[in-house]
Amino acid sequence: MKPAPFAYIRAADLATVDAAMQPGETLTKIIAGGQSLVPMLNLRLAPADRLVDIRGLVALRQVEERPGSILYGALLTHATFEDRLVPDASNGLMPHVAARIAFRSVRNRGTIGGALALADPAADWLTTVVALEALLHVHGPDGDRVVPAEDFVIGPYFTDLGEADVLTAIEVPRRKATERWGTCKVAVKAGEYAESLSIALLDREGRTARVVVGATDGAPLVLARTAQALLDGAAEADLRRIAGAELEAADRAFSPAKLTMHTTTAIRAARDAAA
Amino acid sequence: MITTPISLTVNGEKVSAMVEPRTHLGDFLRDALRFTAVHLGCEHGVCGACTVLIDGEPARACITLAVAVDGADVRTLEGLQGDRMMEVLKQAFHDKHGLQCGFCTPGMLIAARDLLQRQPDVDAPAVRLAMAGNLCRCTGYQGIVRSIIAARDELAACRSATD
Numbered sequence: 001m002k003p004a005p006f007a008y009i010r011a012a013d014l015a016t017v018d019a020a021m022q023p024g025e026t027l028t029k030i031i032a033g034g035q036s037l038v039p040m041l042n043l044r045l046a047p048a049d050r051l052v053d054i055r056g057l058v059a060l061r062q063v064e065e066r067p068g069s070i071l072y073g074a075l076l077t078h079a080t081f082e083d084r085l086v087p088d089a090s091n092g093l094m095p096h097v098a099a100r101i102a103f104r105s106v107r108n109r110g111t112i113g114g115a116l117a118l119a120d121p122a123a124d125w126l127t128t129v130v131a132l133e134a135l136l137h138v139h140g141p142d143g144d145r146v147v148p149a150e151d152f153v154i155g156p157y158f159t160d161l162g163e164a165d166v167l168t169a170i171e172v173p174r175r176k177a178t179e180r181w182g183t184c185k186v187a188v189k190a191g192e193y194a195e196s197l198s199i200a201l202l203d204r205e206g207r208t209a210r211v212v213v214g215a216t217d218g219a220p221l222v223l224a225r226t227a228q229a230l231l232d233g234a235a236e237a238d239l240r241r242i243a244g245a246e247l248e249a250a251d252r253a254f255s256p257a258k259l260t261m262h263t264t265t266a267i268r269a270a271r272d273a274a275a
Numbered sequence: 001m002i003t004t005p006i007s008l009t010v011n012g013e014k015v016s017a018m019v020e021p022r023t024h025l026g027d028f029l030r031d032a033l034r035f036t037a038v039h040l041g042c043e044h045g046v047c048g049a050c051t052v053l054i055d056g057e058p059a060r061a062c063i064t065l066a067v068a069v070d071g072a073d074v075r076t077l078e079g080l081q082g083d084r085m086m087e088v089l090k091q092a093f094h095d096k097h098g099l100q101c102g103f104c105t106p107g108m109l110i111a112a113r114d115l116l117q118r119q120p121d122v123d124a125p126a127v128r129l130a131m132a133g134n135l136c137r138c139t140g141y142q143g144i145v146r147s148i149i150a151a152r153d154e155l156a157a158c159r160s161a162t163d
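Sequence order for the protein chains is A and B.
Quick note on numbering: the working numbering labels position 14 of the first sequence as 14, and the sequence is numbered without any gaps.
Quick note on numbering: the working numbering labels position 118 of the second sequence as 118, and the sequence is numbered without any gaps.
Honestly, the hints are just simulated from the structure, not real lab data.
It is possible that part of the hints are untrue.
SDA-like cross-link-like pairs, simulated, lysine to any residue; straight-line CA separation at most 25 Å [said to hold, decoys possible]:
no. : chain 1 : residue 1 : chain 2 : residue 2
1   : A       : Lys2      : B       : Ile149
2   : A       : Lys189    : B       : Gly41
3   : A       : Lys189    : B       : Ile149
4   : B       : Lys14     : A       : Lys189
5   : A       : Lys2      : B       : Asp70
6   : B       : Lys96     : A       : Ala12
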């Protein structure tokens, strides 16, 4: 099984990528770790006339520690986070999430930026960056910009990235040391994409809470009322009712089973964060 | 047919070749270099049979483009002959019925070696979780888990003997 033929450009800098990504007749795609793109090329589900390999862009592997945040280069692999080879802004949430993405042989090559740029609704990083209120740094032909994670995903496999844009870094604000997190992921098999993935963040001292549900057929859903109820110490039955109502109101036409599953993962993540 | 030059190290030997960009590493290793321990099962990154080491880390050869490993150090099961941990694993797979048809075995062995390197004290449930990316249709996995646990114990015994 082989992909259809395509041309290949090995880029060493962003200027090469910019030149290659100029709009034209050639359907050009960026490839990083290739752990999602190559299977789709093999199955001939993703058309491409030309690939621009950005793995040689050393700048996209860097980590920059800022006073209030950490900037992670888009080419950092899942395994790099799993093994804690980079400083952590998330009180351990990012290494926890990374260790549960697919399998080690995939995590060694798959990148955080590639996963986000593809924007599979069920991808673990997508829900995580929304939960952590990250900022995504984007390089484009019209200059560089910063997009809040919550505004990045527009729909399934559909992001704010223009055709010639490159996601260069993920800036994660340093979460307060008093914040606790909880997660709940349901997948049919270990290493599979999530059927539902929820992340809850709770800081009783700082009086903040966030509950985010992913794998919801589009952008991850931020449950603001559920988060407020969690902060207010609502009983679990009330939390379930509020989360259920909030998910149902989210215009995703969930089946009753899916609604129950998403509500359940949200509650379990919240319970975990509050424990 | 447009081809791209690549230079890499495979099983310790320098290799230079012209490859079509669409050629995945599994086909390149098997067809061009005849390293046939790289077994191609699903060819879309699901079964793990084609797992090889790229710069010392396991990766799936079928979803890695050959052009993308230019400059890398690639090792297949053939290139791990004489590796002590691999010899212990092979013996354990032999002793504990870790294989039947053998199709998944090269990938199993390479993934298991990486697991034991990273987690020398891994327990059986964690072995199951870590090996979930490698599919076997013969053994029902019981023998594979037993083999890896046996190798773990053998390696621990070797370590304590040399302490």
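Against the structure, the hints:
1. A/Lys2 with B/Ile149: The given pair, whose Cα atoms are some 37 Å apart, is violated under the 25 Å limit.
2. A/Lys189 with B/Gly41: Holds, at roughly 19 Å.
3. A/Lys189 with B/Ile149: Satisfied, since the Cα-Cα distance of roughly 22 Å is no more than 25 Å.
4. B/Lys14 with A/Lys189: violated, 39 Å
5. A/Lys2 with B/Asp70: Distance ~19 Å between A/Lys2 and B/Asp70 Cα, so the pair holds.
6. B/Lys96 with A/Ala12: violated, 48 Å
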